[in-house]
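Number of protein chains: 2
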Amino acid sequence: MEKLMKTTYEKLRSELLDSCVPFWLENAVDEVHGGILNCVDRFGKVYSEDKSVWMQGRAGWMFSYLYNNIEKNPRYLEFAKSCIDFATNHCIDSDGRMFFTVTRDGKPLRKRRYWFSETFYIIANAEYYMATGDEGYLDTARRYFDFVYGMYLDPATDPYKITPKSYAETRNTKALANPMIMLNVSSVMRDADKENFDKYDGIITGLIADIKCFYKSEYHAMFENINAEDNSVILDSAPCRVINPGHDIECAWFLLDEAIKRGDRELADFASLVFDEAFERGWDKEYGGITYFKDVLGLPVEAYEHDMKLWWPHNEAAISSLMLYQYTKNKKYKRIFKQVLAYSFTHFSDREYGEWFGYLRRDGKPTEPPCKGHTYKGPFHVMRMLAKCVLMLENEKGEN
Amino acid sequence: MEKLMKTTYEKLRSELLDSCVPFWLENAVDEVHGGILNCVDRFGKVYSEDKSVWMQGRAGWMFSYLYNNIEKNPRYLEFAKSCIDFATNHCIDSDGRMFFTVTRDGKPLRKRRYWFSETFYIIANAEYYMATGDEGYLDTARRYFDFVYGMYLDPATDPYKITPKSYAETRNTKALANPMIMLNVSSVMRDADKENFDKYDGIITGLIADIKCFYKSEYHAMFENINAEDNSVILDSAPCRVINPGHDIECAWFLLDEAIKRGDRELADFASLVFDEAFERGWDKEYGGITYFKDVLGLPVEAYEHDMKLWWPHNEAAISSLMLYQYTKNKKYKRIFKQVLAYSFTHFSDREYGEWFGYLRRDGKPTEPPCKGHTYKGPFHVMRMLAKCVLMLENEKGEN
Chain A
1 MEKLMKTTYE KLRSELLDSC VPFWLENAVD EVHGGILNCV DRFGKVYSED
51 KSVWMQGRAG WMFSYLYNNI EKNPRYLEFA KSCIDFATNH CIDSDGRMFF
101 TVTRDGKPLR KRRYWFSETF YIIANAEYYM ATGDEGYLDT ARRYFDFVYG
151 MYLDPATDPY KITPKSYAET RNTKALANPM IMLNVSSVMR DADKENFDKY
201 DGIITGLIAD IKCFYKSEYH AMFENINAED NSVILDSAPC RVINPGHDIE
251 CAWFLLDEAI KRGDRELADF ASLVFDEAFE RGWDKEYGGI TYFKDVLGLP
301 VEAYEHDMKL WWPHNEAAIS SLMLYQYTKN KKYKRIFKQV LAYSFTHFSD
351 REYGEWFGYL RRDGKPTEPP CKGHTYKGPF HVMRMLAKCV LMLENEKGEN
Chain B
1 MEKLMKTTYE KLRSELLDSC VPFWLENAVD EVHGGILNCV DRFGKVYSED
51 KSVWMQGRAG WMFSYLYNNI EKNPRYLEFA KSCIDFATNH CIDSDGRMFF
101 TVTRDGKPLR KRRYWFSETF YIIANAEYYM ATGDEGYLDT ARRYFDFVYG
151 MYLDPATDPY KITPKSYAET RNTKALANPM IMLNVSSVMR DADKENFDKY
201 DGIITGLIAD IKCFYKSEYH AMFENINAED NSVILDSAPC RVINPGHDIE
251 CAWFLLDEAI KRGDRELADF ASLVFDEAFE RGWDKEYGGI TYFKDVLGLP
301 VEAYEHDMKL WWPHNEAAIS SLMLYQYTKN KKYKRIFKQV LAYSFTHFSD
351 REYGEWFGYL RRDGKPTEPP CKGHTYKGPF HVMRMLAKCV LMLENEKGEN
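Protein chains in written order, with this note's numbering: chain A, 1 to 400; chain B, 1 to 400.
By construction, these hints were calculated from the structure, which means they are not laboratory data.
Check each hint, because a few of them may be wrong.
Chain copies aren't distinguished; within one or between two, either way the pair holds.
No more than 27 angstroms apart at the CA atoms, straight line, and that leaves these computed lysine-lysine pairs for DSS-like [stated by the list, open to error]:
(1) Lys45 to Lys285
(2) Lys261 to Lys194
(3) Lys107 to Lys174
(4) Lys285 to Lys365
(5) Lys45 to Lys161
(6) Lys388 to Lys3
(7) Lys3 to Lys334
(8) Lys212 to Lys261
(9) Lys45 to Lys216
(10) Lys388 to Lys72
All values derive from a computational prediction rather than experimental measurement.
Okay, chain A solo, but in the shape it has when bound:
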C-alpha cells in the first residue's frame, strides 16, 4: 500500500475504534431497558429519551458487522443483541409492522407507513446470525424479508391500513428509496442465508432493473420520485424534481458492489456514471461539501434545509469513490476520496468528544448546539464508511 493510503488507513481505523465506537458504547447503551438511546449531544449526553426503531436495527447491524469484520470484541455482540432484542420485545405492533419511535421503556410513540424500521431490523438479525450462528435470528430475518419484500412488490399486502398520504388518482409516484434499501437488504440476506442464495440473487437482478428506471440520461440525474405508471418524470412539480446527491452516491456503491460480485462491466459503468453526475451536481464549489438537495432544473428546492451539509452523503461518497478507484484505477476517484475525507475530517469529525457532527450549515459550521445522535443519526453511516474503507484498504495492502 502506498504511503498516503497507509496513512489514511490508519486514520480511518483510529477514527472507527478510538472515536466512534467508544462514543456510542460509553454514552448510548441503555443499561436499564436495553437497546440504544440514539439522541446524544456533542458531549455524549442523552438529550431525548425517545428511541428510534431504525436505530435499534442499524446499531444491531453495525456492531454485529464490526464483530464479523473488524474485531471479535464480545462487547460489540452484546450491544448488538441488546438493540435487536429491544426491537423484538418492544417495537413490533400486533400486525407485525414495526413502530418508528418508542419511549425509553418501549411504549409506542409513532408508527409510519414506510417499512424502513423493518429493513434495518432484517439486516441486524441477519448480521447477528452470521456472528453467532443462532438460527433464531436467521429465521426472524427470513420472515421479515419475505414480509417486507411482499409489501415492496404489492403494497396491498401491508397489514397497516394507514390513510394514504396522497391522491394516487391525481399523481401516482414511486420512490427510489424503496428499491435501493431492498437491494442493500437483499445483499445482506444473500450473505447470511446461503442456502437461499439464488432466491436473493434473482431478487437483486429485479431490483437493479427497478433502480435503473429512476435514471434519466437527458437530465444526467437519478430522480427521487417518478411516475409509478409509466416511469416518466413530473417536471411541473418541485417535489418531483428533487435530486438527492448523497442518495445517488450511496446507490452508486450499492450497484458497483453488485457489479463487482457479478463481473458485470456494464452495471459498473452505470454505477460510475451515477456517481460522477451526482458528485458533480452535489459538490458545493463555493464552500465545499455535498449539498443535501438539488433541483434537477436548478430551480428552488421546497425543503428549505436543502443547502445544508449532512454527514451521511460524505460517508457514502468516501465508500463510492474508494470502491470506484479500486475497480477502475482511475486516479480521479482517489482525488475525490481524499477531497471528501479532507472536508469531512475538517468539518464533521470531532476527535475532542468522539463521533461526527450530524448537521452543518452550508458554510461548514455545525448547527448549534450540535448533536451526534438523532432520530435519523446513530452508529451507522459514519462507522459503516470507516469499516468498509478500512476493509477495502486492507485489500489494497494485500495486493501490494
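Following the hints, position chain B against chain A.
Below, chain B alone, put in the same frame as chain A:
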C-alpha cells in the same frame, strides 16, 4: 409623528405597495384556472404548479384586507375573489374538510389532519365579506367557523378519519398552534359578523385561557406542546421541549391586540412578558436575526434547520414591538422595532425583484437558489406586517 418614524412609515408603505403587492399581482395570479400560484422564485418565475390551499385563503384574506384598510383598488378584490372561489370550487373534499395541496387545475394532491386550510379560508371569506357586503361569503365564513371550532373543542367531530399520527395512550399532547390560530380567526369573525359579536368574544375569552396553559414561568417560555391531560411539560423528549420564538412573538401581538380592545392591563402585561422572553431567547446575538427553533433547556433541537432565519418571525416581531411601543411608550420596544426592521431590510427584502426572501441560513444569506413563494410562504406575513405597521404608524401621526 417624529421624523424617524415618518421615514419608517414611508419605507414600509413603499415596500408594501411598490415591492410586495406588484410582485404577487404580476407573477402569481393564475389567469387560466384562477387562484394563486404560490411557488415563485426570486425573479417571479413559477417553479412549481402545485397549489397550496393555505395560500388561497391567505391571499384571499390579505388582498381583501388591503382593500379594506390600505387602498380601494379593485384589482385587490378581484384577486382575493379568484383565490377564494378557486378554494371553494376545487379545494373542498366531499366530507367538507379541505385539501392541503392541489394541482394547478384543482385536483387533490394531499389532505392533512390539521384544519389550517380551513382557518385561512374562514378569514378570507370574512374579510372579503367586509369588503363587498356579499352575504354568501359571510355565510361560508360562519359555517366553516362553527365546523372548525367544533373540531377544536372536540376532535371526534372531525369527519376526516385519518389514522392517528401518534399513540395518545403513550403520550397525549396538545399544540399551541390550535388556540393561537383560533384566536386570530375568532377576532376576524367578531369584526365581520357583528350581530354575533358576543359569541366570538366569549370564545376568545376561552382561547386566551387555553393559550395561557402553554406558558410556564419557571422556564420563562411558552411551550409548543404540552401534556393534554394535565397541561404539564414533558422534559425527557426533545420534540416536547421545542420553543418557537417567532410563534410566541406572534402570539404576543394576538394577545396584546385583544388586551387593548378589552382594556385588560393584566393580559397586556402577560403579552409583553411573552414577547420579552421569546425575543431574548430567539434573537441571535452572534449573527443577528431570530432563530427558528430553540430547546427550552439549551439542548440540541431535532429539526436540523433550527438555526435558520425564516422571514415570518421577523414580521411578527415588527408588529409586536411596534404595538408594544405604542401601548407602553417604553423606548425599549422602539429600539427592538428598529433593530428587527434593520435586519430584515438588509437580509430579507429584495427591492431589485420585489418581495422578501423566505429562507436565510444562520449567517443571513439566502439559501440558493432563493425563493419568494413556497407551500408555506405567499402574500401573507410580510404584507400583513407592512399593512399593520403602516396603519399603526398612521395612528401615531394622528396623535401628534
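Hints, one by one, checked against the model:
| no. | hint | verdict |
| --- | --- | --- |
| 1 | Lys45 to Lys285 | between (35 angstroms within a copy, 25 angstroms between copies) |
| 2 | Lys261 to Lys194 | within (15 angstroms within a copy, 76 angstroms between copies) |
| 3 | Lys107 to Lys174 | between (31 angstroms within a copy, 19 angstroms between copies) |
| 4 | Lys285 to Lys365 | both (16 angstroms within a copy, 16 angstroms between copies) |
| 5 | Lys45 to Lys161 | neither (38 angstroms within a copy, 40 angstroms between copies) |
| 6 | Lys388 to Lys3 | within (19 angstroms within a copy, 67 angstroms between copies) |
| 7 | Lys3 to Lys334 | within (14 angstroms within a copy, 64 angstroms between copies) |
| 8 | Lys212 to Lys261 | within (18 angstroms within a copy, 63 angstroms between copies) |
| 9 | Lys45 to Lys216 | between (45 angstroms within a copy, 25 angstroms between copies) |
| 10 | Lys388 to Lys72 | within (16 angstroms within a copy, 68 angstroms between copies) |
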